[in-house]
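Visitor: Just so you know, the sequences run in chain order R and V. Sequence positions in the first sequence follow our numbering and run 70 to 145. Sequence positions in the second sequence follow our numbering and run 0 to 170.
Think of the hints as simulated: they come from the structure by calculation, not from any bench. The beta carbon of each residue, even a glycine, is placed where N, CA and C say it ideally should be. Hints are supplied without guarantee of correctness; some may be wrong.
Claimed, not checked - Okay, the calculated beta carbon distance ranges per label pair: (1) G125/V x G102/R: 23 to 29 Å; (2) T82/R x R99/V: 25 to 31 Å; (3) D148/V x P85/R: 19 to 25 Å; (4) A124/R x A151/V: 16 to 22 Å.
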Amino acid sequence: MTLSVVRQMTEQTPGPRNVVVKFRLGQVFGEPGQAAQQRTILRDALGAVDRIEEAGGVLDLPYRWKREVYEEADAR
Amino acid sequence: MARWWNRLQSAVYTRLHWINALYARVAGTKEVEIPLPPLVPLARPLNQARIGVVTAAGVHLESQQPFDMDDSEGDSSFRVLPADALPADLTITHDYYDHRAADRDLNLIYPVERLGDLAARGEIGGVAPRHVGMMGHLYGAQWTRLNRDTAAQIADVFREDEVDLVLAVPG
Numbered sequence: 070m071t072l073s074v075v076r077q078m079t080e081q082t083p084g085p086r087n088v089v090v091k092f093r094l095g096q097v098f099g100e101p102g103q104a105a106q107q108r109t110i111l112r113d114a115l116g117a118v119d120r121i122e123e124a125g126g127v128l129d130l131p132y133r134w135k136r137e138v139y140e141e142a143d144a145r
Numbered sequence: 000m001a002r003w004w005n006r007l008q009s010a011v012y013t014r015l016h017w018i019n020a021l022y023a024r025v026a027g028t029k030e031v032e033i034p035l036p037p038l039v040p041l042a043r044p045l046n047q048a049r050i051g052v053v054t055a056a057g058v059h060l061e062s063q064q065p066f067d068m069d070d071s072e073g074d075s076s077f078r079v080l081p082a083d084a085l086p087a088d089l090t091i092t093h094d095y096y097d098h099r100a101a102d103r104d105l106n107l108i109y110p111v112e113r114l115g116d117l118a119a120r121g122e123i124g125g126v127a128p129r130h131v132g133m134m135g136h137l138y139g140a141q142w143t144r145l146n147r148d149t150a151a152q153i154a155d156v157f158r159e160d161e162v163d164l165v166l167a168v169p170g
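Assemble the whole structure, with the sequences as input and the hints as a guide.
Guide: See the structure below:
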């Protein structure tokens with residue numbers, strides 16, 4: 070499964086399952102020290118296993134840079 | 000190309016998302032045609048699966064040889080990273096993205112601690128005992144070598160450890 074912050078790059082060299090989140094280069098899982106955010110992205114990325122049904126499929130995560138609240142993830 | 004110039008460029012395009020999208024369009028596909036890998040169902044459900052990480056963000060142990068920043072085509076070698084390596088034992092050698100944030104928290108590009116969190120919560124079966132560090136930004140002979148040799152060698156590492164799913168994470 071590939072992760073990426075640039076959808077066009079994923080489309081050039083897709084893996085069997087692909088996840089895109091529009092974050093900065095070098096910060097696929099978010100911000101330093103934000104474990105809840107990082108777990109949320111990771112958990113959702115792993116969810117692609119069940120959601121992608123064709124090889125090369127891409128799951129776009131909806132998160133916006135610094136405009137989300139990730140409290141629920143830590144409450145699990 | 001001088002390393003300072005590469006670092007300066009990376010600091011700019013790390014913050015300008017549209018440049019990366021444009022670059023991907025202009026650069027097009029690489030010299031080697033890569034067939035689309037098949038979609039293989041997981042042998043076990045996620046809560047029983049062992050998960051590994053390949054990070055292309057230039058992560059390696061301090062004790063390992065750094066990636067070659069002098070070859071303009073990159074460095075297609077890889078480093079095996081023990082899952083129990085401490086963050087203080089790991090470092091990043093990669094001039095083609097701004098990794099100041101990842102230097103503070105490797106989980107941004109090497110989420111092994113976060114995988115451990117999910118394993119502790121029973122959401123995944125476990126974390127692979129070994130992961131792999133390599134670098135993106137590969138061209139020419141280095142890109143060819145990655146596809147011809149290195150990728151299969153990396154796959155062997157995970158196959159030996161009976162890993163069910165590998166996350167390929169960029170820098």
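Visitor: Against each hint, give a clear statement of whether it holds in the structure.
Guide: To see whether the hints hold, each was checked on the structure:
1. G125/V x G102/R: 23 to 29 Å: holds (25 Å)
2. T82/R x R99/V: 25 to 31 Å: For R99/V against T82/R, whose Cβ atoms are near 26 Å apart, the range 25 to 31 Å holds.
3. D148/V x P85/R: 19 to 25 Å: holds (21 Å)
4. A124/R x A151/V: 16 to 22 Å: Holds - the Cβ-Cβ distance for A124/R and A151/V, about 19 Å, lies within 16 to 22 Å.
Checked against the numbered hints above, the structure breaks none of them.
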